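Put together the whole structure using the sequences plus the hints.
If you want the numbering used here, it's the position in the sequence shown, counting the first as 1, plus 109.
Derived from the structure by calculation, the hints contain no laboratory data. Do not rely on the hints blindly, as some may be mistaken.
[As the list claims (entries may be wrong)] The calculated DSS-like cross-link candidates involving lysine-lysine, where the alpha carbons are at most 27 Å apart (straight line), are:
id: 1; residue 1: K127; residue 2: K151
id: 2; residue 1: K210; residue 2: K246
id: 3; residue 1: K246; residue 2: K261
id: 4; residue 1: K246; residue 2: K151
id: 5; residue 1: K295; residue 2: K127
id: 6; residue 1: K261; residue 2: K210
id: 7; residue 1: K151; residue 2: K261
id: 8; residue 1: K261; residue 2: K127
id: 9; residue 1: K151; residue 2: K295
id: 10; residue 1: K151; residue 2: K210
The structure presented is a predicted model; accordingly, all values stated were derived computationally and were not measured.
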Amino acid sequence: MSQLNREQSRSRLAELIKQRALRFGEFTLVSGQTSNYYIDGKQISLSGEGLHLLATLILDQLPEDVEAVGGMSIGADPIAGAVAGLAAASGRPLDAFLVRKERKGRGTQQQVEGPLREGAAVAVIEDVITTGGSTLKAIEAVQRERAARVIKVIAMVDRLQGGRENLAAAGYELTALFDITELGVKPPESAGS
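Structure, rendered in structure tokens:
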């Protein structure tokens with residue numbers, strides 16, 4: 110793939126999301142809400158071109174003091190690895206971490222995996238954010254297990270269903286590469302409630 114500028118990369122990623130990840134029908138979301146559309150983020154984060162574009166755009170959003178990126182498994186896993194790898198290729202030290210949905214009951218019994226040092230400045234990433242519940246659980250886990258300082262929250266798509274507001278109420282600002290309206294979908298009337 111040739112080098113694209115930021116706007117070209119963003120435009121191409123939006124095109125890929127619409128073509129590959131956006132589905133219409135009846136869906137139940139992780140939040141328990143029902144929706145007439147679904148964004149299957151793995152269709153982007155597990156495709157070579159989509160993952161490269163996504164990692165490039167996220168890396169561009171990271172403050173220089175961020176030492177590690179990660180989030181709730183499995184949505185954040187490929188993205189975190191790609192962002193860390195892309196950072197290394199450009200000479201920037203950056204690690205990745207994964208947050209299990211639950212603490213594992215064997216071995217080290219950790220919920221947070223990876224080379225995340227105690228007290229590190231981190232960015233928590235998501236593929237798609239609805240209410241922000243999974244993101245807040247990931248934040249709580251990295252703070253509890255590693256005393257991490259969460260200085261950035263980044264999502265590929267914000268569904269505009271309260272996630273930004275819930276994160277703000279907890280003291281975190283969401284940066285979304287896209288909100289759902291930019292992908293041509295009208296959010297439900299109950300968004301944000």
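Are any of the numbered hints broken by this structure? If so, which, sorted upward? none
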